[in-house]
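A.B. asks: For reference, the chains in residue letters:
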Amino acid sequence: SAVISQKPSRDICQRGTSLTIQCQVDSQVTMMFWYRQQPGQSLTLIATANQGSEATYESGFVIDKFPISRPNLTFSTLTVSNMSPEDSSIYLCSVPYGGKFHFGPGTRLTVT
Amino acid sequence: KNEVEQSPQNLTAQEGEFITINCSYSVGISALHWLQQHPGGGIVSLFMLSSGKKKHGRLIATINIQEKHSSLHITASHPRDSAVYICAVIRSQGGSEKLVFGKGTKLTVNP
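Chains as they are written, first to last, in the working numbering: chain Z, 1 to 112; chain V, 1 to 111.
Any given hint might turn out to be false.
Said to hold, decoys possible - Taking lysine to aspartate or glutamate and the EDC-like style, the derived pairs with C-alpha atoms no more than 16 Å apart in a straight line are:
| id | chain 1 | residue 1 | chain 2 | residue 2 |
| --- | --- | --- | --- | --- |
| 1 | V | Lys106 | V | Glu67 |
| 2 | Z | Lys100 | V | Glu97 |
| 3 | V | Lys106 | V | Glu5 |
| 4 | V | Lys103 | V | Glu5 |
| 5 | V | Lys68 | V | Glu3 |
| 6 | V | Lys98 | Z | Glu58 |
Claimed, not checked - Chain Z is nowhere near these chain V residues, computed Cβ spacing over 10 Å in every case:
| id | residue |
| --- | --- |
| 7 | Thr12 |
| 8 | Gly16 |
| 9 | Glu17 |
| 10 | Leu59 |
| 11 | Ile65 |
Calculated from the structure, these hints are not laboratory results. Quick caveat, the model's predicted, so the values are computed rather than measured. We treat Cβ as the ideally placed atom computed from N, Cα and C, and that holds for glycine.
Take these sequences, add in the hints, and give me the full structure.
C.D. replies: Take a look at the structure:
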C-alpha cells in the first residue's frame, strides 16, 4: 500500500494569487495523477505527471494555469495560478501502486 | 451520456438494511474500482475488480464484464457506512491507465 500526504490540507486564497500544492508518496511510483473535485461533483483528471517528462494535460486544462513539477519518483507539485472563485475545489493526487489506485487526503481550496 | 453511470444518486437507509449501489459503464475497461469518500474528502479504495466477486467484511462487490455492470452491496448497514461511494473504471489510453469516475452515490444510514 502507498501512503500519500498532501500540503496544505486547506487554504483560503485571494483572487489573482497562486497556490502550490505538494504531494508526497512513501513509495517510488512512475505515474502520478492530479484531480480536481468541484463542489458536489465527482473527480476530474487535470493531468498525468510522469517523472522525467512533461506532464500530460486533459482537455480543458493548460500548463499555464496548472503547472506541474515531478522532480523525483516520490514527489510532485501542482500550482493553481491566477486563481478565481471558480478554482475553489478539492485537489487530489493519486498514484497506481500494488494493483490499486491510492489517493491523497486532498487540498481544499477556497478562492475569495 | 457519461461513460460511467451510477444509481441511485442518493440513498437513505435504516441501520441494518441491505444496501445495493449500481454502476454501468459504456467503454472497454481493464478493471473497476469502488471507492469510498467520507465528508472530510479522503478517498479510500474498497475494491478493484476485473471479474467475478470480492468480499471484505460487510462489503461485497460484483462485476459482469459482458453486461458492463457492477454492484456494491453493504450488508447490515451502519451509520458509519454513511459516505459517498464512487465507481471508477480503469481505461487503457495511450499506453497508460486512467480512471474514469461515476458521479457517486451519497449514502446516509440512519440509526
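A.B. asks: Each hint: holds or not?
C.D. replies: So, going through the hints one by one against the coordinates:
Proposed proximity of Lys106 of chain V and Glu67 of chain V is contradicted: the alpha carbons are some 24 Å apart, above 16 Å. Using a Cα cut-off of 16 Å, the hinted pair Lys100 of chain Z and Glu97 of chain V holds, with the two alpha carbons roughly 11 Å apart. Of the pairs offered as hints, the one joining Lys106 of chain V and Glu5 of chain V holds, with about 14 Å between alpha carbons and a cut-off of 16 Å not exceeded. With a C-alpha separation of about 7 Å, the suggested pairing of Lys103 of chain V with Glu5 of chain V holds against the 16 Å cut-off.
At roughly 11 Å between alpha-carbon atoms, Lys68 of chain V and Glu3 of chain V fall within 16 Å of each other, so this suggested pair holds. For the given pair, Lys98 of chain V sits about 11 Å from Glu58 of chain Z by alpha-carbon distance, which is consistent with the 16 Å threshold. Residue placement check: Thr12 of chain V keeps its beta carbon more than 10 Å from all beta carbons of chain Z (closest about 17 Å). Gly16 of chain V, annotated as away from the interface, keeps every beta carbon of chain Z farther than 10 Å; the closest lies near 29 Å.
In this structure Glu17 of chain V is separated from chain Z by more than 10 Å, as the shortest Cβ-Cβ distance comes to about 25 Å. With a cut of 10 Å on Cβ distances, Leu59 of chain V stays outside the contact zone with chain Z, its closest approach being about 15 Å. Consistency note on Ile65 of chain V: stated as away from chain Z, and its beta-carbon is indeed over 10 Å from all of that chain's, at 18 Å minimum.
Checked against the numbered hints above, the structure violates only hint 1.
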